[in-house]
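*Asks:* This is what each chain is made of:
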Amino acid sequence: MLNGIPINYYIMLSAVLFIIGVVGVMARRNAIIIFMCIELMLNAVNLLLVAFSTLHQDASGQVFVFFVMAVAAAEVAVGLAILAMVYRNLKTIDIDLLSRLKN
Amino acid sequence: MLGLTITQWLFGILSFLAIMFALMVVFTRNPVNSVLYLVLTFFCIAGHYLLLNAQFLAVVHIVVYAGAIMVLFLFIIMLMNLNADTEPRKHIVTRLIAGVIGGMLLVVMVGALKGAEHLTIIRGGASQIGLVKNLGQVLFHDFLFPFEIASILLLAALVGAIMIGKRDTNINDKSITNN
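Going down the list, the protein sequences come from chains A and B.
All residue numbers for the first sequence refer to my numbering, where the first residue is 1 and numbers rise by one.
All residue numbers for the second sequence refer to my numbering, where the first residue is 1001 and numbers rise by one.
Treat each hint with caution, since some may be false.
Cβ-to-Cβ under 7 angstroms is the rule here; a few derived chain A residues that face chain B [stated by the list, open to error]:
1. Thr54
2. Ile82
3. Val86
Treat the hints as calculated values from the structure; they're not laboratory data.
The beta carbon of each residue, even a glycine, is placed where N, CA and C say it ideally should be.
Looking at chain B on its own, in the form it has when it is part of the complex (with noise of 0.2 angstroms):
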């Protein structure tokens, strides 16, 4: 088939998936679809770390932000009762503004990224280190330290969240706590 192997299938239809629902998510006027997309962009990004053997990451991913992270932006949208017909527009010049900054900054990057064309993923079939085991072991020899502090920094992000979505007590009016 057109002289590509399944691999190399397999890495177009997902680039073209991610990239066409990471723009839904941009264009799409209902919020809540555009979560939705969202979740699917993550998929395809989950189907993209399988290729590059990092399985481990690929569930990961589909735990910690298809699982948890959107259905918070789920809740959080539910909660405020976003729907298309609320949601504010930017004037149409500052969407065009945006559209062309955004052009330009892609012609910058992929001509300052030009040149790394020789290097090809050769090992990537063939390789362990996606795998529980091996990850596990550089994450608690190498970066047991950074492990630790990240487990503080979600601990201060718990309390901080909790205490900011706290309704003050001594206001005390008509609506249940969010949060």
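Isolated chain A, as found in the complex (with noise of 0.2 angstroms):
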């Protein structure tokens, strides 16, 4: 059924919404946000392992996108208890105010 999709649209796709993560990383304050966009780009890498793993007729790909989500979760729960704890402490988010990790 998968006739006649060139592999560059796949890079294509994958490169942009990997740029707006990056964006959004660059121009968001709120730290919550920031992990959402880095959530973004990862999906955007996976994308493209699991395009390139149907092209090469490869498993590997797909595994390791397999193993991308295991950390991507770990991630997660830890940056997220930091952010909590923080929140807790500083009631606060805000990327700029946290720059100075002190007072």
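Both chains are sitting in their own frames, so use the hints and assemble them into the complex.
*Replies:* See the structure below:
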């Protein structure tokens, strides 16, 4: 069924999604939104891994996506715990205010 | 219809929706709306996985991302009582610079990745590698050791999240334990 979608369409789509994630990280101040943009970047890479895995008929790419998902889940759990603790102590998750790590 | 197959139509629609929802994640002020748009983006990406005949990954993606991780985000946002009014905003110059840098990075990536046009996914529909049986065999034969390491990683993250989120018992003041 999947005849005729060139791989560079997938490359472009992944690049655009990745760039949107990068812009989000640079343009937002809310730490949770920044986490979500990092998830977006991870997903762009995952999509490209699956596309190349299908192109080369090699399941290793999809297994690697599986591991990326596990690592992303661990990252989100620890990161959100840190954010919850920071919010409990400082009552803010504004990145610009947190950049000093002190006071 | 314009000489495109149904798969190409689906690819175009899903790509458009994914990019639109991803833009909304960045440009919406309310964090709760951002989370919901990110869930929609993940559903579009799961649709792409289905188009690439990676059924197992599509299901795992929906369950893990849209089901688990996004609910975690939503819980944390509701815990902190964030909304559009309390949302901090960067200065307009900073945001413009971020947009310009992103555009330049996109130009660099697109320019660097030109020349891959002659590769076309031909056997996608006939491929069986995305099915649970084949993926499981690869996972438990070739990648058994990384699989076990991933379980240790998840255990460490679990313990770490609990230790970080646990309220210090000798401070012991008003509010309840969050995590």
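*Asks:* Next step is simple, just say for each hint if it's right about the structure.
*Replies:* Do the hints match the structure? See the list:
no., hint, in the structure
1, Thr54, "holds, 5 angstroms"
2, Ile82, "holds, 6 angstroms"
3, Val86, "violated, 10 angstroms"
Checked against the numbered hints given earlier, the structure breaks only hint 3 and satisfies all the rest.
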